[in-house]
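Chains as they are written, first to last, in the numbering used here: chain A, 380 to 560; chain B, 13 to 167.
Bear in mind the hints are in silico, worked out from the structure with no lab data behind them.
You may find that some hints are simply not true.
Mimicking EDC-like on lysine to aspartate or glutamate, the simulated pairs with C-alpha atoms at most 20 Å apart in a straight line are [said to hold, decoys possible]: (1) Lys507(A) to Glu547(A); (2) Lys433(A) to Asp410(A); (3) Lys433(A) to Glu101(B); (4) Lys474(A) to Glu387(A); (5) Lys474(A) to Asp67(B); (6) Lys507(A) to Glu110(B); (7) Lys433(A) to Asp96(B); (8) Lys130(B) to Glu101(B); (9) Lys490(A) to Glu546(A); (10) Lys130(B) to Glu19(B); (11) Lys490(A) to Glu547(A); (12) Lys474(A) to Asp385(A); (13) Lys433(A) to Glu19(B); (14) Lys490(A) to Asp45(B); (15) Lys474(A) to Asp78(B); (16) Lys490(A) to Asp96(B); (17) Lys73(B) to Glu546(A); (18) Lys490(A) to Asp410(A); (19) Lys433(A) to Glu408(A); (20) Lys474(A) to Asp428(A); (21) Lys474(A) to Glu547(A); (22) Lys73(B) to Glu547(A).
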Amino acid sequence: MAGAYDIEAVRRKYIGFETAKARGRFPVEYDPIRRHCHMVDDNNPLFLDAGYAKTTPHGAVLCPPSGWLALYFASLGPWPAVFEPLFPVVPAPGKRIVNMSQEVQWSRRIKVGDYLSVRRRIADVYQKGISIDPEAVWIVAEAIIENQRDEVVCVIRNTMLTHRTPEEVAAAQTSDAPGAA
Amino acid sequence: MRPAPPEWCTVRRPQLHWEDAEVGQDLPHISFDITPRRLFLQVSGSQDWYPAHFDAAFARKAGHPDVFMNTGFVQAALVRVITDWMGDEGFLRRLYFEMRRQQRPGDTMACRGRVAAKYEADGEGCVDLEVWAENPREGVTTPGQATVILPRRGG
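Generate the whole structure from the sequences, applying the supplied hints.
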């Protein structure tokens, strides 16, 4: 496997690749917001109480400004997902994933009842070793989230590391060794 | 006059205005003990079913010392620090953060923020924040920056 992976071929093929626009199966709903808030003990009434939210300038419960939650509503969360995460699309030697950074640029607030959709684009793919895997692959992907009026709500830029397990690295080194079958 | 929030809410401060923000000002911090219950809340709240965040054997096989809290959880905590501070009429324009080190079971994760800059842009009152997550074992695990638009007093 180690010799077979060609990062330059992967870069040529996948950088700039963009998925078709996918629309979330369900509108932005109260309960996933409630669960999200519960996760971090957030009891902000703007996110949780329709009566209170109605009295604010927004007039409705807002979705907390989390890129993660925006992606959930745009397709990746509710079962069954509209499509799978990008990672299997881009070949890499390892199947283990770690998110390394995220940037979210917000243009608009999200309200309960909105429908979100997403287009995703591979911005960069490169190989940079880490302590446990000298062939770790890094994928930079952008997700453009839009609402039902085709207005951009936010753009999420995510850098993800994919790597092999130490066992997989050791096995690959053994198979690469001179004299190995 | 807006009605008071329900009793189950923590007390919301009066709306913060751009004029109120001062460079160097600390945002109220929050903290969490990373317990099994918090791990389950993380999966429920993020709907992230990647096993590295709840299956210790899976995490260890990948070379991690233990399971670790996911991006959705850490982001939600940073967002809470910001939204608690900026109030109903604030707008989070940008959030950037790096998952440099991990929050693991047994850690106490704190999320903090500080006003880094204050300026006007395109007629809006902007505030740049430094935000971060930390724990006693690792120090700062997740450094970040945010930009918030705050309403103007009388505006």
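Verification of the supplied hints:
1. Lys507(A) to Glu547(A): 17 Å, holds
2. Lys433(A) to Asp410(A): Holds. Lys433(A) to Asp410(A) sits at ~18 Å (cutoff 20 Å).
3. Lys433(A) to Glu101(B): 13 Å, holds
4. Lys474(A) to Glu387(A): Answer holds: Lys474(A) to Glu387(A) is near 19 Å, not above 20 Å.
5. Lys474(A) to Asp67(B): OK: Lys474(A) and Asp67(B) at ~16 Å, within 20 Å.
6. Lys507(A) to Glu110(B): At roughly 17 Å apart (the allowed maximum being 20 Å), Glu110(B) and Lys507(A) satisfy the hint.
7. Lys433(A) to Asp96(B): 18 Å, holds
8. Lys130(B) to Glu101(B): Cα-Cα ~17 Å, so holds.
9. Lys490(A) to Glu546(A): Roughly 46 Å between the alpha carbons, so the hint for Lys490(A) and Glu546(A) is violated.
10. Lys130(B) to Glu19(B): 34 Å, violated
11. Lys490(A) to Glu547(A): 45 Å, violated
12. Lys474(A) to Asp385(A): 16 Å, holds
13. Lys433(A) to Glu19(B): Since the Cα atoms of Lys433(A) and Glu19(B) sit roughly 17 Å apart, the hinted pair holds (cutoff 20 Å).
14. Lys490(A) to Asp45(B): 31 Å, violated
15. Lys474(A) to Asp78(B): Roughly 18 Å between the alpha carbons, so the hint for Lys474(A) and Asp78(B) holds.
16. Lys490(A) to Asp96(B): The given pair, whose Cα atoms are some 18 Å apart, holds under the 20 Å limit.
17. Lys73(B) to Glu546(A): Since the Cα atoms of Lys73(B) and Glu546(A) sit roughly 8 Å apart, the hinted pair holds (cutoff 20 Å).
18. Lys490(A) to Asp410(A): Holds, because 13 Å separates the two Cα atoms, which is no more than 20 Å.
19. Lys433(A) to Glu408(A): Holds - the C-alpha atoms of Glu408(A) and Lys433(A) are around 16 Å apart, at most 20 Å.
20. Lys474(A) to Asp428(A): 41 Å, violated
21. Lys474(A) to Glu547(A): Within the cut-off at roughly 10 Å; holds.
22. Lys73(B) to Glu547(A): Roughly 10 Å separates the two Cα atoms, so the pair holds.
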